[in-house]
Every structure is written in C-alpha cells, then in structure tokens.
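Asker: Chain residues, written in single-letter form:
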Amino acid sequence: MEIQKPEVAKNPEIEDTIELTKQRRHDEVEDCDEQRHKQHQAEEDEEDELRKLLLSDIGELPISPPSATQVNFVSYFITDFTKSGHDQYIYRHANGLCVIGLAPTHIAFKDEGGITSVDFNVGKSDRSVLKVSGKRKKNALRSESNTALCKVSTAKDSYIVRCCVKGSLLEVNERLIKQPELLNSSADREGYIAIIMPRPADWTKNKESLITLEEYKEKKQMSL
Amino acid sequence: MSADTEPASGDSAGLPNGFVSHGDSKTRRVYETARSLHSGAVKDLLSLGVCERCIFRLVAVEAFDSDISSVSTSTLRSWLNTVADETGSSESGCSRICIVCLGILQFVFSDAKKELVKSDSSSDYVARITDLVKQDRHEFDSFGLEVSVPSTIMENERAVLSYLKGKYSTEVWLQRDKISVKDALKVLLLDQLKASLGAESDSSSFHIRLTYSKASDEAQGASETTHESKRRKTDADNGSNCISENSFEKVYEPCIFSVHCNKMPIFFSGRYFKYSRNVSQSRWIIDDERMGEASVEEILGGNILPACLGDSYKFHAAGREDIDVRMLGSGRPFLIEVQNSRQCPSEQSLKEVEEKINNSEKKLVGVKDLKCIGSQCWAMMREGEAEKQKQYVALVWISRPLEEKDFNSVSSLKELKILQKTPVRVLHRRSPLDREKIIHWMKIEKIKGHAHYFLLHLCTQAGTYIKEFVHGDLGRTTPSMGSILGCRAEIIQLDVTDVKMGDS
Chain A
1 MEIQKPEVAK NPEIEDTIEL TKQRRHDEVE DCDEQRHKQH QAEEDEEDEL RKLLLSDIGE
61 LPISPPSATQ VNFVSYFITD FTKSGHDQYI YRHANGLCVI GLAPTHIAFK DEGGITSVDF
121 NVGKSDRSVL KVSGKRKKNA LRSESNTALC KVSTAKDSYI VRCCVKGSLL EVNERLIKQP
181 ELLNSSADRE GYIAIIMPRP ADWTKNKESL ITLEEYKEKK QMSL
Chain B
1 MSADTEPASG DSAGLPNGFV SHGDSKTRRV YETARSLHSG AVKDLLSLGV CERCIFRLVA
61 VEAFDSDISS VSTSTLRSWL NTVADETGSS ESGCSRICIV CLGILQFVFS DAKKELVKSD
121 SSSDYVARIT DLVKQDRHEF DSFGLEVSVP STIMENERAV LSYLKGKYST EVWLQRDKIS
181 VKDALKVLLL DQLKASLGAE SDSSSFHIRL TYSKASDEAQ GASETTHESK RRKTDADNGS
241 NCISENSFEK VYEPCIFSVH CNKMPIFFSG RYFKYSRNVS QSRWIIDDER MGEASVEEIL
301 GGNILPACLG DSYKFHAAGR EDIDVRMLGS GRPFLIEVQN SRQCPSEQSL KEVEEKINNS
361 EKKLVGVKDL KCIGSQCWAM MREGEAEKQK QYVALVWISR PLEEKDFNSV SSLKELKILQ
421 KTPVRVLHRR SPLDREKIIH WMKIEKIKGH AHYFLLHLCT QAGTYIKEFV HGDLGRTTPS
481 MGSILGCRAE IIQLDVTDVK MGDS
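Taken in sequence, the protein lines are chains A and B.
Using my numbering, read the first sequence as starting at 1 and increasing by one per residue.
Using my numbering, read the second sequence as starting at 1 and increasing by one per residue.
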C-alpha cells in the first residue's frame, strides 16, 4: 500500500490533520503487513506439519528393495515347453492376469549375439495387430497353452514362444519389434512377451504344470 | 323428508336416528348437498354396498371438498338413508366395506396385526395417523402428503359408473368428472392433518405416504366380479353394457393401511485426510474378508449417520487413492448422502463429529470443514474430478546413486507429456487404452544419508497413475522416472499432498 507523502501545510491545524492521517495510514499498513505475516506463518506451519508427516513415515530403507514385479506378482516357470531348452516365466498378478516372457535359461540367450529380431506374425494371424477393446476384452484371441505368440530369432536359429497358459490374449509387447534387444537386457521387465487373462477354472488346471521360483532355481542349478 | 332431520344450531352432530342437533355452516352445506342427491341413485348405490362418501363423490353435482370431513360417517349414513327413503338403521349399513373404495373413504382398515380399525370421524382418523407419524421421530416444518391405493379401485369405480350410466344415462350429475378416491382422501384429511402435526403442506423434502394395499385376493371389489359379464358382451354397444345389480359381490376385508415417512436425502461436504496405509477409501470385502483394517467411508458415514438419525448413507469422493497411499495436505473433498434423516444436525453436533473423528485413538482418518450442503453439492464434486491437478510426494529408489545433474534433469521438465497404457494392475477391469497425461512439474528432494533414495515431488493431471510413472509398468508407461534417469526405479511409498479444487 502506498503512502503518499503529504505536502507540508502552512496552516498548523491542517498540519495536525495531515499528521493524524499519516499516522492512521501507517497503522493500516502495519495491520495489512501483520495480516499477511500471520497468513504466511499459518501457511508455513501447515507446510511444516506436512513435512513432518512425510518424513516421519520413512522407515527402514534397504539397499535394494524388492521390485514392483516381485511385490505384485507371483512367479511361475515352465521348462522345456514343447521343446528342450524352451524355458518361460509366467508372472501372475493378484487380479489374475499373467505376464508371459522368456526365462533367463531360455536356449535363445545361449546363442552368440543374443536375440536379434522378434516376429509376431505366426500361426494364423499377426499377434501385434490385434485390437482388444472394452472392459469385456472383445476381440481377444482365445489361446491354448501351445498357441504360438511369436518367433524370436538369433544369428543362429529361431525359436517359437508359446502362451503356456490357456486364456484370452490381451496384449503383446509390440515394442520388441523395433527393440528386440530389450529381450537381452531385461527379459523379465521391459522385454515381456505378452499378457494373458485366463479363466479361473483354466488357471487352476494349468497351474499343475508350472513350477515355482524355488523349484526353478533348483532345477537349473542341477543342470549346470 | 321430514323437518326433523334438518340441522338446527347447537352442539355436536350425529345422533343415530338421523336427528342432527346442530349445524355449523359447513355441516349445513353438506346436509343441503345430501338432500339434493338423486334419491334413486343413492338407493341403488346403498344397496350395492357403496359407502357414504363415495356416494357423495359419484352422485353430487357440487364439488367434493373438505366441508364433508366435518361430518361423521354415521351422520352421513343417516342423511343418505333418509334421501333414499330407507328405514334401516345407520349401524347395519356402516359395517359393510365399500365395493369401490374398499373402506379407504370409510376410515376403516386392517392394521399390521390384521385387526380391523374403524374411525367414525375424520378427526379420529387424523389422530391415528398423527400417532403413527410421530412414532418415526422425524422433525419437520412441512410435509407433502402422498397416497397409494390398490389399482383395482379405479376399475371398481369404472364398473359402478358403468352401472349408473346404464340406469341414469341422461342425468346431469353423471356427466361431471368425479374426484378420485386418492384425491378425495387428501381433501378430507389434509387441513386437519396440518393442524394436528403443526406443519405446513407443500412439495417439500419430507413426505408422508399413506399406503393402502389389498388384504387378500378376495377383497377385489366391484371390478373383478363384473369382468365375467363384460366378456360375455363382446363388441355390442361401447360402454353401455348392462351390468345388473347381481354382478357386484360383497367385499369382506378392508385394505391394509400403513404410514411411511420419508425425508429426501441430505448432504454433508468436507475434506478428509487418510493417515494410514492400511485403510481403503470405501468398504472393500473379498470373499467375506475385509481388505485393510477400516475404510474412510465407514469412519465418516458411521459417525455422521447417528447425528442425523438416518437410515443409511452413501459416500462420494472427488477421486480416490489406493489403500496404501496416504491423503495429506489439504485433504480430499467428499460428500456423505444420508437417506431418511430424522433431524438435521446442528453446527455444534457437526463440530463434535469432527472432533470425535480427529481425536480418535488410532488416528486413521481426519476430517475438516464438515458442513451441511444443499443441491450445489454435485457441482462441487465435479470440480474436483477430471480437470484438476493433483500433487504428490513419492519415495523413490533408483538402481544407481543420485547425481547432481539429476536434480536439474528432473526439475527442468515442465508440462511433460507421458503415455500410459492401462496399468497391468487394473487391466482386468478397465479398457486397454493408451492414455496421454501431463506431468506439470517435478522436483527431487535428497534424503540425508541415502544415495539411492529420494523424495519426488510432482504435480500431475488428474487420472495419472503415479506408481506406474515411477517404475514404468514393464515399459508400458513412457517416459517413466527410470527412463528419464537412465536406470531402474521403484516406488516405495506414495502420499497425495494436494487435491486442487477451483481456485484453492
């Protein structure tokens, strides 16, 4: 708030009046400032409260916390599926959806140079062009466990990757077409192959042919 | 008609032999109307078993108005008997249930215990209704009166009118539109009910509903029994079927009567805080097991409902957060809708509800600005939903140590566009779509002594999946925190710190 400097009057009465006015204006400005100051203080207090809450909740911070996948999914594996060395993982979410991908011991990774290309055009249709829509997942391909998902190729050979789980094919990872190297660097995350939604009854039956993470580790130790 | 039955000035009415010892102007008017009724029609209807007030409704030329409510059933009966030159006493006539209105306009009904309840006058009937309304303990200044009657009543009336038209087709009084049983009941009761309840009548938020339902399959009335004879006369003359007196059967049971009071829902608004990572927003039960230890909905609704003495509540919030995400800062706007509240809680009692929730032992949920709100509540809710920005703080871990340049690479990104495929964790119940969202700004805050952890402050468009933005959701959200920093990133915990509404 601006205080205009009043002109000094010659008349003492008027001078007094001006003086008084000046004083009042000064008080008003102080009040304004005080109000703003109070508001500021209140806001700061609120922010402090918030910070205390935010920081108080930080508990132990382990060096390497479990990943989102480990927390939200249960890991299953299947080894030598239809052919020797074709090892795949099935990560099942609490909501029933299954993420399918290549397990680290898959034979394709043993080839020099790793995986160089991925082709989803297998079986009767190109899996990368399917358009599933709506909550009811219309147009999803109903697949059996041995339905082909894609073909991964290395410098040496090519291998068919299959569903392993009976259900509706909701999505394939089309990023693999342009970036097949994702399979080499992170097959268990960005390099996933597909997402399948099995019916509860189908999953119960399917589960019997799968092994857990512990069993997988044991199996693979033995063969090394 | 003898002069004895004329009303004279004096006190109370209704002597059994037809003498009326007093008449105020209302009673006198009704008496005059009674005298002018077509005696043949009255005689016919009385012998068919139509009640006094229905006869007035169907035969009188004058409009059916509340003056009639001041005359007792037995008095009306005696006047009509005189008009029809009947010598039978009023008592025997009164005990028959009307074949048109099934006892409704006779103030006769079966109560919940299936016992017959009779009221000779409208004031007695109003007193009974008032008692039933008071039992429900509603507080109200005004009410809307609703009446629900069995559908056969309309058919009964049509059948009786057809019969009358058959006999008295040329009569003037037959040509007028007749007031319905429903409306007639309202006319009879409304003024006295207003006085007895001490309230106004309007189309208010509080309704008193008088429900009459058929006692059993036998209590049909005129319509059912005449159906047979109607079918026999197929095309013939439209509406001039000759229904004979014999086609109307007696009605043995009156309607079952009940009174229901209902108040339109009232709304409370406020902002809630969620301090626990084990409390869901709404009640969440899977396979008979509750997820989380409580819900915001039940804590808020469960405390507000008793203050209103309501039947039930519904919870609406401007957006939602996961069970493991805290809601801090300015709180999230919500509405509680209370069904059939008996009283509107005072400001003081709302303050007490707030204090009870905020000072509870476990401190799971907090609330502020709790107040009663009117119809503008929905506009307020919509404001908080789709268009607004939300602010968060996330505890993030990365696979490599934090570097100086990271602070800038993150805070320099303003209005960052990201593309999110429907997250895997909700893909089972949502459409597979690619959603473009905007991250308005981000800021990294170091945590002392931990090189791999930091606090990420961010402000995003409503509808953004924060957790997926941090860990990338298998590469289905791009860019993600990990791709921006060039390493793996995981979200350890998340807090909502601001839900912006309007200008706040």
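One or more hints might be untrue.
[As the list claims (entries may be wrong)] Ranges between beta-carbon positions, derived for each pair:
(1) B:LYS356 - A:ASP202: 21 to 31 Å
(2) A:GLN221 - B:LYS446: 37 to 47 Å
(3) B:LYS500 - A:THR212: 45 to 55 Å
(4) A:ILE211 - B:LEU419: 33 to 43 Å
(5) B:LYS351 - A:ARG142: 22 to 32 Å
(6) B:GLU404 - A:GLU218: 43 to 53 Å
Simulated from the structure, these hints should not be mistaken for laboratory data.
Each residue gets a CB set at the ideal place from its N, CA and C atoms; glycine is no exception.
Asker: A separate judgement is required for each hint: does it hold in the structure or not?
Answerer: Consistency of the hints with the structure:
For the pair B:LYS356 and A:ASP202, the beta carbons lie near 50 Å from each other, so the given range of 21 to 31 Å is not met. Range check, A:GLN221 to B:LYS446: about 41 Å between beta-carbon atoms, so the 37 to 47 Å window is met. Look at B:LYS500 against A:THR212: about 46 Å separates their beta carbons, and that is inside 45 to 55 Å. In this structure, A:ILE211 and B:LEU419 meet the distance hint of 33 to 43 Å, their C-beta atoms being roughly 36 Å apart.
Hint check: B:LYS351 to A:ARG142, Cβ distance near 59 Å, so the stated range 22 to 32 Å is violated. For B:GLU404 and A:GLU218, the Cβ-Cβ distance of about 45 Å falls inside the hinted range of 43 to 53 Å, so the restraint holds.
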